[in-house]
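I would like the entire structure built from these sequences, with the hints used as guidance.
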Amino acid sequence: MPARPRWLPAFQAMAWRQLVRFLSARSRVANSLVFPLIWLLFFGLGWSAAFNVLGPAARGIFGGLSYLEFLAPGIVVMTVFTAGFGSGLGIIWDREFGYMKELLVSPAPRGALLLGRLVGDTVAALAQGAVMALLVSAVAGWPGVWGLLGGLAAAAAAALASASLGSLIALSMRSPEGFHMVVNLVMMPMLFISGAFYPVDPLPAWLRMLAYLNPLYYAVDLARGLMYGVHSTPLPLDVAGLAAVTAVAVAAAVARFSRTYIA
Amino acid sequence: MWCPRPGITCGSGTRRRQHIGRALVAMEYAVYAEGLRKSYGGVEALRGVDLHVPRGTVYGLLGPNGAGKTTTMGILVTLIKPSGGRAFVAGYDVVEEPQRVREHIGVVFQEPTVDRDLTAWQNLYIHGRIHDLSRNEIEHRARHVMELVGLEKFLHRRLRSYSGGMIRRFEIARALLTEPEVLFMDEPTVGLDPQARTRVWEVIEELKKTGVTVFLTTHYMEEAERLCDTVAIIDRGVVVAEAPPEELKARLGGDTLYLKTASPAEARRLLKLAAGYGDARLAEDGVTVVLVARDAPRLLPTLLQEARATGVSVIESRYVRPSLNDVFLMLTGRSLRDEEGGWSDWMRLHMRARR
Chain C
1 MPARPRWLPA FQAMAWRQLV RFLSARSRVA NSLVFPLIWL LFFGLGWSAA
51 FNVLGPAARG IFGGLSYLEF LAPGIVVMTV FTAGFGSGLG IIWDREFGYM
101 KELLVSPAPR GALLLGRLVG DTVAALAQGA VMALLVSAVA GWPGVWGLLG
151 GLAAAAAAAL ASASLGSLIA LSMRSPEGFH MVVNLVMMPM LFISGAFYPV
201 DPLPAWLRML AYLNPLYYAV DLARGLMYGV HSTPLPLDVA GLAAVTAVAV
251 AAAVARFSRT YIA
Chain R
1001 MWCPRPGITC GSGTRRRQHI GRALVAMEYA VYAEGLRKSY GGVEALRGVD
1051 LHVPRGTVYG LLGPNGAGKT TTMGILVTLI KPSGGRAFVA GYDVVEEPQR
1101 VREHIGVVFQ EPTVDRDLTA WQNLYIHGRI HDLSRNEIEH RARHVMELVG
1151 LEKFLHRRLR SYSGGMIRRF EIARALLTEP EVLFMDEPTV GLDPQARTRV
1201 WEVIEELKKT GVTVFLTTHY MEEAERLCDT VAIIDRGVVV AEAPPEELKA
1251 RLGGDTLYLK TASPAEARRL LKLAAGYGDA RLAEDGVTVV LVARDAPRLL
1301 PTLLQEARAT GVSVIESRYV RPSLNDVFLM LTGRSLRDEE GGWSDWMRLH
1351 MRARR
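Protein chains in written order, with our numbering: chain C, 1 to 263; chain R, 1001 to 1355.
Hints may be right or wrong, so weigh each one.
[Stated by the list, open to error] If you only want the chain R side, here are some residues facing chain C, beta carbon under 10 Å, derived:
#: 1; residue: 1078
#: 2; residue: 1079
#: 3; residue: 1083
#: 4; residue: 1099
#: 5; residue: 1101
#: 6; residue: 1104
#: 7; residue: 1105
#: 8; residue: 1112
#: 9; residue: 1114
#: 10; residue: 1123
#: 11; residue: 1129
#: 12; residue: 1130
#: 13; residue: 1132
#: 14; residue: 1143
#: 15; residue: 1144
#: 16; residue: 1148
Just so you know, these hints were derived from the structure itself, not from any lab.
In this text, all values refer to a predicted model and were calculated from it rather than measured experimentally.
We treat Cβ as the ideally placed atom computed from N, Cα and C, and that holds for glycine.
Put into structure tokens, the structure is as follows:
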């Protein structure tokens, strides 16, 4: 008779599964790198050239940074954030292909199963983020080893938050189409109002309020502060805000999964 | 205070005695259910299902598509909440202690539930870990269960390269990895070609020797007849009979003989003769006598001789031994085969898929 399953083996197995799947799915890796790279090259270099017309005045808009430096941390965070949402897609596929039932009839604690999956996906997203961080550093300017690691740490929290949000949406949706629709509806505004592409400070108050609810805003501000020394919110506040919003997202996803009865 | 199992709370007074009584009954069986009900938005899928599955036997839930087999199994494996009634699996209440139930069962669902991007070994490893087996235990047992289903050579292949029949056998192996007390299988051979089906049957017959309790659902009567020690016939959300297949067939009163004569007058004479051997009647064509009686192979020559002696010429004769389909027909007035692949099933499946 098997003993009451412990938390750790299930957590570890699920995280391991996500990493094995990640390593064997090269198209997914490429996909999540290509999209931000397109932003960096065509959006970043384009605007960078446009702002250069203004000369040094342009740096005033971006807290003393060139536009590429301003954009670079945002691109790193954006990479892991979009990759993190893929976690939800994994849940959708698991349900479509029946694997979700295999998990639901196992005696493992639901929290361990979901957290293992979220952490596995976060690590995978972070690997992509690291590649992207090196790429943008080459284009925008070397932020130093500690700056790079700090930026990645902020990105990791953002990945965990987006993986949780993606999972929450996936668990609440019946069809893959519905998932894609809702994700686009949630992800695009979150990206735009994160301060990754333009500063949030000059925005109207109601938009700024939305930004402060956005985990991505804290992640981008924190990453930019750590990488290039420019930020609009005090860094401890960024850390607290990011931790709080991420914790809420994780807790909501685990609660939803614990209530999931049939796939 | 004595409790039948840790985890089953005992109340006080009469209620406690009742509770213990019921729990004790439940303990005798690997699966025990009484009055299981389930309704989906006002539509009753189950209308009071009772099940008694003795430990160490193969038990089949037989019925047409849409009869409630999958819903019943969903409740027993703790994935569907019943609207009413109680069920115990391995002695544990499926609603009160789903976690304990999950520790003691293995499940093979109707559709594949594997990760096709991973190898068989990787699938087994994850399965073992989420059931709290150590890596050593998993390695040791993986070899054994893969041998049991004849897939030991394919342990390190990705499941993407497996055929449908291999996947089904692999899922049986995976379910057995944790040495469950009860193995649930929902339509284990549906969608398989005849060869693959035979392989799965052989595996289940092999399991009989190991003493594990097997609970399977099927709409193939050949499957139920070949594999099951006990068959429960389910129709429209109710179990209409529960007994060994032979006993169910015996309820039909024996074999059915058909004797066709040349004229209605001869048929009537033959009817009188046949009535002495069993339950006889005239078929609708007016010239065929239908007789239900025991041991048709020996009875038929005798009957033909006697008919000749009384001047009745039988121009055609045949007999049919009863099948579970006839039992189903007797109990529900409909044929199991009629239900197979009919448009109503298609509609039902289609609508379920959309939900």
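Each hint tested on the structure:
1. 1078: Nearest chain C Cβ about 7 Å off; hint holds.
2. 1079: holds (5 Å)
3. 1083: violated (13 Å)
4. 1099: Holds. Min distance 5 Å.
5. 1101: holds (8 Å)
6. 1104: Since the shortest Cβ distance to chain C is 7 Å, the answer is holds.
7. 1105: holds (7 Å)
8. 1112: Holds: closest Cβ of chain C sits about 6 Å from residue 1112 of chain R, inside 10 Å.
9. 1114: holds (7 Å)
10. 1123: holds (9 Å)
11. 1129: holds (4 Å)
12. 1130: Holds, because the Cβ-Cβ distance from residue 1130 of chain R to chain C comes to roughly 4 Å (cut-off 10 Å).
13. 1132: At 4 Å from the nearest chain C Cβ, residue 1132 of chain R passes the 10 Å test, so the hint holds.
14. 1143: violated (19 Å)
15. 1144: The hint is violated - residue 1144 of chain R has no Cβ within 10 Å of chain C, the shortest such distance being about 16 Å.
16. 1148: Check failed: Cβ of residue 1148 of chain R comes no nearer than 19 Å to chain C, outside 10 Å.
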